[in-house]
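Peer 1: Which chain is which? The protein sequence lines are A and B, in order. Each step along the first sequence adds one to the number in this note's numbering, with nothing skipped, and position 250 is 250. Each step along the second sequence adds one to the number in this note's numbering, with nothing skipped, and position 51 is 51.
Among the hints, erroneous ones may be present.
Listed below are the simulated DSSO-like cross-link pairs for lysine-lysine, each with C-alpha atoms no more than 30 Å apart in a straight line [said to hold, decoys possible]:
hint : chain 1 : residue 1 : chain 2 : residue 2
1    : A       : K89       : A       : K292
2    : B       : K102      : B       : K264
3    : A       : K196      : B       : K230
4    : A       : K116      : A       : K196
5    : B       : K264      : A       : K261
6    : B       : K67       : B       : K264
7    : A       : K89       : A       : K261
8    : B       : K102      : B       : K67
9    : A       : K298      : B       : K230
10   : A       : K298      : A       : K196
11   : A       : K116      : B       : K7
12   : A       : K296      : A       : K196
Label pairs and their calculated CB-CB ranges [to be verified]:
hint : chain 1 : residue 1 : chain 2 : residue 2 : range
13   : B       : L119      : A       : F42       : 25 to 35 Å
14   : B       : A16       : A       : E200      : 15 to 25 Å
15   : A       : N288      : B       : R175      : 55 to 65 Å
16   : B       : L71       : A       : V284      : 49 to 59 Å
It is worth saying that the hints were derived from the structure and are not from the lab. Where a beta carbon is used, it is the ideal one built from N, C-alpha and C, also for glycine.
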Amino acid sequence: MADVMTRLEPNTRAAARGLSDLSIRNLFIIPTIAFLIVFNVFPLLYSLYTAFTDYRASTSAPANWIGLANFRDLLSDPFIWRNFTITAKYVIISVTGQVLVGFGLAMLLNRPIPLKGLITTLLLLPMMLSPAVVGLFWKLLYDPSFGIINYFLGLGKFEWLADPQVALYAVAIVDIWMWSPFVMLLSLAGLSAVPKHLYEAAEIDRAGPFYTFFRITLPLVAPILMIAIIFRTMEAFKTFDHAYILSTQPTTELIAIRLYKMAFLEWQTGMSSAFAYIVLIVVVAITNIYVKYLNKAKAR
Amino acid sequence: MAEVKTKGEVIFNRAAVIAVIVALVVMLTPIFWIAATAFKPRNLATTVPPTVFFEPTLSPFAKLFTKRSQLREPVEQEVYDNAAWWEKLIYDGGEQVVRNRKSGEVTSSGFGNRYMNSLIVSVISTLLAVSMGTITAYGFSRFRVPGEQDWLFFILSTRMLPPVVVAIPMFLMYRAVGLHDTHIGLIILYTAFNLSFAVWIMKGFIDEIPREYEEAALVDGYTRLQAFWKIVLPEALTGIAATAVFCFITAWNEYAFALMMTSKNAQTAPPYIPSQVGSGLSDWTVIASGAFLFLLPVAVFTFLLRNHLLRGMSFGAIRK
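Using the sequences provided together with the hints, build the complete structure.
Peer 2: And the structure:
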């Protein structure tokens, strides 16, 4: 990527007038980095300290250093592992759903259709609107007595959110509804980049639709689809907004919800800081993979 | 695809169009339902079977902005006749507006304040994030930065942090310095959140502006800052606008930080609207009218932004 941008050396004629390029660079970059360090890194260092204490923000008792006790308690707590299992299940259901629906929609839209631009934009609406506010209305849609979902599907008084067996799926369905458009958007970009002559060649060779799909379409869309999958996996892992609003059952207690309750309802500040660090490590790991794929996509 | 189509292809294309229409209806139903509920009289909001066709009313909006109490006895005809149109709508629903005993002023609900808070916090944090993000993106785009990739990764990774993880220490720090439940506190958090996004997106836009433009200006005697101000910024204007809209939408929609970092004074609409749904009989028409007013600007922005959505959603990696 560095080759694409030829760079001005700091000692060119231009640099002799006004501020030097070096000082402009520093002036332009350092405030942002400093801002992010002060408001993101520094708090994290602070919570790294509280993670080793028994501090509770609801009391005035001073924090006592308790070493690794929080981490030990967390990792041996079967309930925390259940939160991780629930989250893993949720991530798999919602990302799979999003890929199937989103990629399916993209395949359908990848042809000349009247009003295609308008239809695409309308389909993207769910992901642009506030997850908390729109998520809230799924309570109304899912309502067992007057919800329109039960009415139109003819399910009678089916309990979506109150049944512990179903609730996680119900929350995942909202996530699928909200984020399939994202997979669709990226897939459409991937599909439109597949060279048309490949399809023509396949047609001349009398290749069937399955062969064309698995040998031409899918491999060429895969890199962009991969970006969508990794990004959605990371985001689904962090899901909070609509899940917190919709969840009433312990079976829908995703990691972010447990963390929030631990920190802000139970006020186990020290313990929740330790928990936050465990979550953080997972997120940074996925981010790392994500950025690798992003840079690969950029290089093309 | 202008080539001759077989009969099978034509049929397949028709089936695809029908499938797209079905998908569109399914995907838009929840949004349509919010909009429809916002204009329903209360008794039609939770009917079985669902009411799709009805005479729209503005009474949910009248209720949204006011505090009300149940009418014990029917209102006197004279009072009703002299009431404003919105107050009549409230009387029609069997309720009356709560007024200040002395001044007779209408007591407003919390919604207007929360909406204003959302507006203040989103607009200011967007301005800050986009202006800082643009110059930083320029810095990364045009100058040699040691460890550039690492810095860019660092910047992006701050955005990926789950809000709850950042909120725990930030809550303690804000409480210590008195920034809890303040506009400034929320603005700082949203600026940090959007700043990383703005840097990544704007870097893509600025990378696309040929550096020959600036170089020519530098040869003509412009200083570097003048070249940036007079050549690069105007060229990047579309990108800046798109980035700003994206940042605004993110801040506007944000729920988790607002839930944890505000309680009353600086609370924005996203935590407020769900808090209005009680466990008992909630008036969904009022909640829907609030949601409708809250979602409308974003829906409009989505249309303005339609050509940049791909880029924004992929942090500038996929441009078209």
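Peer 1: Take the hints in turn and mark each one as holding or not.
Peer 2: Here is what the structure says about each hint:
1. A:K89 with A:K292: holds, 25 Å
2. B:K102 with B:K264: holds, 25 Å
3. A:K196 with B:K230: This hinted pair is violated, its Cα atoms lying about 42 Å apart.
4. A:K116 with A:K196: The hint holds at about 19 Å.
5. B:K264 with A:K261: holds, 20 Å
6. B:K67 with B:K264: Since the Cα atoms of K67 (chain B) and K264 (chain B) sit roughly 17 Å apart, the hinted pair holds (cutoff 30 Å).
7. A:K89 with A:K261: holds, 20 Å
8. B:K102 with B:K67: Distance of about 16 Å is within 30 Å: holds.
9. A:K298 with B:K230: holds, 28 Å
10. A:K298 with A:K196: Holds, because 22 Å separates the two Cα atoms, which is no more than 30 Å.
11. A:K116 with B:K7: Roughly 22 Å between the alpha carbons, so the hint for K116 (chain A) and K7 (chain B) holds.
12. A:K296 with A:K196: At roughly 23 Å apart (the allowed maximum being 30 Å), K196 (chain A) and K296 (chain A) satisfy the hint.
13. B:L119 with A:F42: 25 to 35 Å: Given a distance of about 29 Å, which is inside 25 to 35 Å, the answer is holds.
14. B:A16 with A:E200: 15 to 25 Å: Between A16 (chain B) and E200 (chain A), where Cβ atoms are some 20 Å apart, the hint holds.
15. A:N288 with B:R175: 55 to 65 Å: violated, 33 Å
16. B:L71 with A:V284: 49 to 59 Å: holds, 58 Å
Against the hints set out earlier in the document, violations occur for numbers 3, 15.
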